[in-house]
Amino acid sequence: MADEGVASHYQVLEELGRGSFGVVYKAIEKRTGETVAIKHIDLESSDDDIQEIQQEISVLSTCASNYVTQYKASFLRGHKLWIVMEYLGGGSCLDLLKPGIFPEMHIAIVCRELLLGLEYLHAEGKIHRDIKAANILLSENGRVKLADFGVAAQLTHMKSQRNTFVGTPFWMAPEVIQQAGYDFKADIWSLGITAIELALGEPPHAQIHPMKVLFQIPKNPPPRLEGKFSKEFKDFIAQCLVKDADHRPSAKDLLKHRFIRNAGKVEALQELIYRRKVFDAKADRQKLPVYYQETLHTISPKDDADEWVFDTVKSVAPKRGTVRSRKPSVSIHAVEEGMHKLDVKDGPLQPATPGTVRRATVRRQPSASTRRNSIRNVSSSNGSPRRASISSKRPLQPDMSFGNSGSTMRLFRRVPSDSSSSSRPGTSSEVSFTNENRPPSSYQAPVEPHSKEAFLGRRLYTKALEPCLDELHAQTAGTAKREALARLSDALAHLDAVDPEGAYHFMRSLVSTMSQDSKLSRTFLPQQSNSNHSKTPSSGTPHATVLINRPQLTPAPVLTPPTPGSNSPSKLMFATDNPHLESHMRRRESNATTDNPLGNVSRSPEKEPRERIDRERAARDLEKMALEAKFPGRPAAPGMEHCKALSDLLYARWTDGLRARWGAVAGS
Amino acid sequence: MSFLFARNRTRATMSDLPKQARDHFTKLDGPQGAAKAEELAKVLSQMKQVLQGTPDSEAPPEQILQLITAIIEEDLLYLLAVNLYRLPFESRKDTQVIFSYVFRFRPPTGPQKPEPYALAWVVEKRPQVLVELCRGYDHKESATPAGTVLREVLKNEAAAAIILYDDGDEPGSSARGIGGINQDRPQTGNGVFWSFFEWIDKSSFEVAADAFTTFREILTKHKELVPKYLAVNFDLFFSRYNTILVQSNSYVTKRQSIKLLGEILLDRSNYNVMTAYVDRGEHLKICMNLLRDDRKMVQYEGFHVFKVFVANPHKSVPVQKILLMNREKLLHFLSHFLEDRTDDEQFIDEREFLIKQIKNMPAQPVIPGGQQQQQHQQPGGGGHGR
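In order, the protein sequence lines correspond to chains G and W. One point on numbering: in full-length UniProt numbering, the residue at position 426 of the first sequence is 426, and numbering is uninterrupted. One point on numbering: in full-length UniProt numbering, the residue at position 279 of the second sequence is 279, and numbering is uninterrupted.
Any given hint could be a false lead.
[Unchecked claim] Far from chain W, by Cβ distances over 12 Å, these chain G residues were calculated:
hint: 1; residue: Ser-509
hint: 2; residue: Gln-516
hint: 3; residue: Lys-519
[What the hints assert, rightly or not] Below, in silico cross-link-like pairs of lysine-lysine (DSSO-like), each with a Cα-Cα straight-line distance of 27 Å or less:
hint: 4; chain 1: G; residue 1: Lys-72; chain 2: W; residue 2: Lys-202
hint: 5; chain 1: W; residue 1: Lys-42; chain 2: G; residue 2: Lys-252
hint: 6; chain 1: G; residue 1: Lys-30; chain 2: W; residue 2: Lys-140
hint: 7; chain 1: W; residue 1: Lys-359; chain 2: G; residue 2: Lys-72
[To be verified] Some chain W residues close to chain G (C-beta under 7 Å, calculated; not the full set):
hint: 8; residue: Pro-60
hint: 9; residue: Ser-100
hint: 10; residue: Thr-144
hint: 11; residue: Phe-205
hint: 12; residue: Tyr-251
hint: 13; residue: Val-252
hint: 14; residue: Lys-285
hint: 15; residue: Arg-295
hint: 16; residue: Met-297
hint: 17; residue: Leu-324
hint: 18; residue: Met-325
hint: 19; residue: Asn-326
Hints in this document: simulated from the structure, not taken from any laboratory. Every residue, glycine too, gets a C-beta built ideally from N, C-alpha and C.
Could you put the whole structure together from the sequences, leaning on the hints where they help?
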C-alpha cells in the first residue's frame, strides 16, 4: 500500500482523547489549514481482523451528511492506521454531561438532530448500532453529529435484517439482545435510552452489571422517564422505547413528534459547551494538553549469528536491513540510524519486544516562546532557568493561532538524524517513554559562570538577548524569517550555555565597533547622537563601549552593583521586585529632576546634568549593558537590526504599560 | 381506463430509463458533459428508487423485470462498470445499489433458475462487466462501490470463475463467457485476477484493503473451483503471492496475506495444494524469516504457516535439512517465542507441539513415504470441473 508519505500532510497537535481503539489527536491539514481529528489505531496491538476497521471506514466513507462526522481520509503509517475525520470541538455529549444533566430544551434539540442523522443513515441502508451519549459529538457551534461507526452495519438490502450481537448493553434494543433479527428500529430504541441518559445522567439499569442487564431489558417492561419532565418528553421516550420493533416509529415518524417539532436551534447547545468549559475551569481540570509524539518501532540490527542458516543459499534470505531501508520514510531512516547503537539482542523474541524501542522523534526546540514562558515562571538562580521549568508551563500556546502556519510548523521540528544521535552521547540510554516535555538535550549542561565577565555574559543573555529574540520571534510572521530567528536564538542559547564569557566579549566588541562607525552609532546608540562626546570617537580600548563617552567614575555607593541575588535572571513580569523595574525606577527618579516624561526615558539622559548621569551610568553600567540592549534604538541582538522598528514599537508599549502603572510616581 | 394509462406510462419509463442513461453516457465527453452528467445522475437515482422501492412499498416485480431487461438490452451494466469512477459521489452509491439489485433479481414467474437472471446473462454473454468491476480498483473513487458489488456477486461460483479465468484473448479464457473456460490451461498471469496482487500491494490503504477483502473472498469461498485453479497455476500463484504480498512493505498487506496463506493451506479442500506448498524448502525459508520479523503480529501470523511445515508427517528432504540445520536455534527461539501470549492456550499448545516435533526429528533427513510428493505438478488433463 502506497501511502507512507501522506502523514506528512498533517501537523499533529495535542491529544483529544483515547480509548481502546487508539488515540485521537487534533491536527491541521497543512494544505488547507483545516483543523481535523486524527484517530491513530495501532494495528500491532490487536489480534482483531483489520477487516473490522475497514468496515468502519467503508461505512463512514459512504456517508455525506451534516449529521454524521465527516470522514476525510485514512492511510497507513507503519503499523498505525490514521483515520482523518472532521474536528468537532464541542466534545461528546457524555463529556458535556459531566457538569450536570441536560435541560429538557437541549435534549429536544439533540434528539431532533440525532433523528435527522438516523433518518439519513437508515435511508442509506446503514444501522449505527451504538447510539449513546458518548458517541454523539458536538461542534463548537453546537451542531450535533453521530460518531463512532465501529459496529455500524451496511445492509445491502432494504429489507434485510441483522443478527449480530453488538452495541453497548444498557442501550441495546431487546430484539438485538435476543438476536431474533433486527433492523433500523434498533437505533430508535437506543436513541430513547440516550434521551434518558441525557435527562438523568445515566441510562436505566446503570447500577446493574452489564451482563445482567442483558436479561433485564427483554424481560422487563420498557423503561419510562419519571419525574419533573414535560408530557411531550415523556411521550417521546415512550415512543422510542416500544419493545416490539414493528410498532416502534421510524426516525421519520419521530421527527413529527411534538417534542421534536418544538425544539430550538442548535446554537443553543453552545451553552452546554460553555458550561463544560466553566466546569473545567472551576475544577481546575484544564489538563495540560498532551502533545503528539511520534513513536516508531525501530529495528534492532540482528546478529548475524542469530539468523537462520539456509546453507548454500544463505544470501537469498532477505536481510532485514535492506528491506527496511527501502522504506521511503525518511524519519524511519533517521531513527533507525540512531538505533544502530541500540543493539538489542534477540529483539523480536522477547515478549515486551525490547528491540522495538519507543522513542520520541519529535521534540520541542528550545523555541523562543518556550523560553519566554519559562522565564516568567522560574526564579531559580542558577543562571539557566530555561531548563528548570519547561515541563510546568503551557506548551507553546502563544504561537498557535492559526493562519500563522509558520509558527505551528516550528513547534515540532523534526530532529535531524545526525544531531539526535551523534551530538548526544547519552542517546542509547534514552529508551522507552521519552517525555516530550523533556528539556532539549542537544545542548550540554550550562557552564556555571565563574568570572565576572561570564556572569555578565549570562545576564546579557537571559535579560537581553533571549527576551528580545522571543519578542521578535513572536512578532515575525514569515516562516523563513522565523526560522532564521529561531536558529539565531538557538545559537545564542548554545553560546550562553557553553561560554557566557564569550557572549559578553562578543557583545562588548560589537557595541564598541558600532560606536566607531558614525552612521551605526547614530542609529543604534542614540544617546550619543546629541552629545558632544559622540563626535570624538573613543580613544580608549576597543571594548569600552558605553563607557567610552563617559568619564570613568567609581560606582556610587547608593547604587549597589548587581548582587548575586538580583543577578539571577528571574521573572520578566513587571513586579515591584523586578530588577528591571528597580533599575528603571532608579533611572526615573534620577530623571524626575528634569521633568522628563517617562516615555522619553531612553533619550532623557542627554538632558540631564552630566555628572549625575555619568555617575549613575558608571554605577549601573554592567547592569545597563544588558538592559539597554533591549531598548529601542540599540542593537537588540546581533542580527536583529532589521527588526528595529518592531522593537521600538514593543518598547513603546512597555513604557506605556509602565506609565499606566507608575503614573503617580512619574509625576506626569 | 386511467388504470391502463398509468400502466402504459410506467412501462414506457421503465424501458426508457436505461436508454436515457446510455444516451447520457455517450455524451459525457462531449461539449455538454457537465449537464449530461447531472441528467445521468438523476436517471440513475430514479432507477435505484424503482429497484429498491421505498420502505413502505416495493415496486412490482414485473416493473423491475422490465427495467432489468432494458438495462441488459442497452448494455448499461458494462457502461456503469467502466465509468463508475467518473460518476459523482451519490451516483456511485446509486450505481452500487443498482448493480446489487439487478444481480440479485430472480424473475417471479417461470422456471426457478438457479442463477439470478441478469447475473446469468453476464456470466454467459457479457463477462466483461465483471472484469470491469474489478478494474474499479484502479481508482479510489470506484473501489468501494465496485468492491461491494463484487463481493456479493462472487458468492456465485460462475462469477468467481469468470474472474479467475479471465485471460484476455487466450484460448480458454473466460472472455467469451463461462462456457469457454478451459480450466486445465495454465494462466499467463495477465488476466484480471492477477491485477489484484498489484492493487493490494500498490494502492492506498482504502483501495488495497478493499481489494484484499475481495481477493480473499475469491480464494476462500469456492471449495472446488479454487483448489483446482491453484493446482494448475501453483508456481505462478505462489511465486507472486510470496514475493508481492508476503514480502510487501505495507504492514497490513503483509499481515493479512500471511494470515490468508495460513487459511488457504489449512483448508481441507486445499489439501493437495498444502502438501505441495510445504514440500518446498524455499517456502519454509520465507516463513522462518517471518518468525523473525520485528512486528509481533507478523511473527504470530507467520507461526500459523510455520506450524504446517513442522507438523507435516511427510516432510520433504529440503524441509528436513533446513529444520535440522537450525534445530538448536529453533528450539531456543521457540521456547521464547511470543512469550507474552499467555492467555492464548491454543497457541501455547501448538508451540509446545512444534518444539517436541523438532526435538524428535531424526538427525539425518529421511526420505518421506513418497505418496504425498509432487502432487502439485500438473495433475494432468482430468477435467473434473466445478
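Hints, verified against the model:
no.	hint	in the structure
1	Ser-509	holds, 55 Å
2	Gln-516	holds, 63 Å
3	Lys-519	holds, 60 Å
4	G/Lys-72 - W/Lys-202	holds, 20 Å
5	W/Lys-42 - G/Lys-252	holds, 24 Å
6	G/Lys-30 - W/Lys-140	holds, 22 Å
7	W/Lys-359 - G/Lys-72	violated, 53 Å
8	Pro-60	violated, 15 Å
9	Ser-100	holds, 6 Å
10	Thr-144	holds, 6 Å
11	Phe-205	holds, 5 Å
12	Tyr-251	holds, 4 Å
13	Val-252	holds, 6 Å
14	Lys-285	holds, 5 Å
15	Arg-295	holds, 6 Å
16	Met-297	holds, 5 Å
17	Leu-324	violated, 10 Å
18	Met-325	holds, 5 Å
19	Asn-326	holds, 5 Å
The earlier numbered hints that this structure contradicts are 7, 8 and 17.
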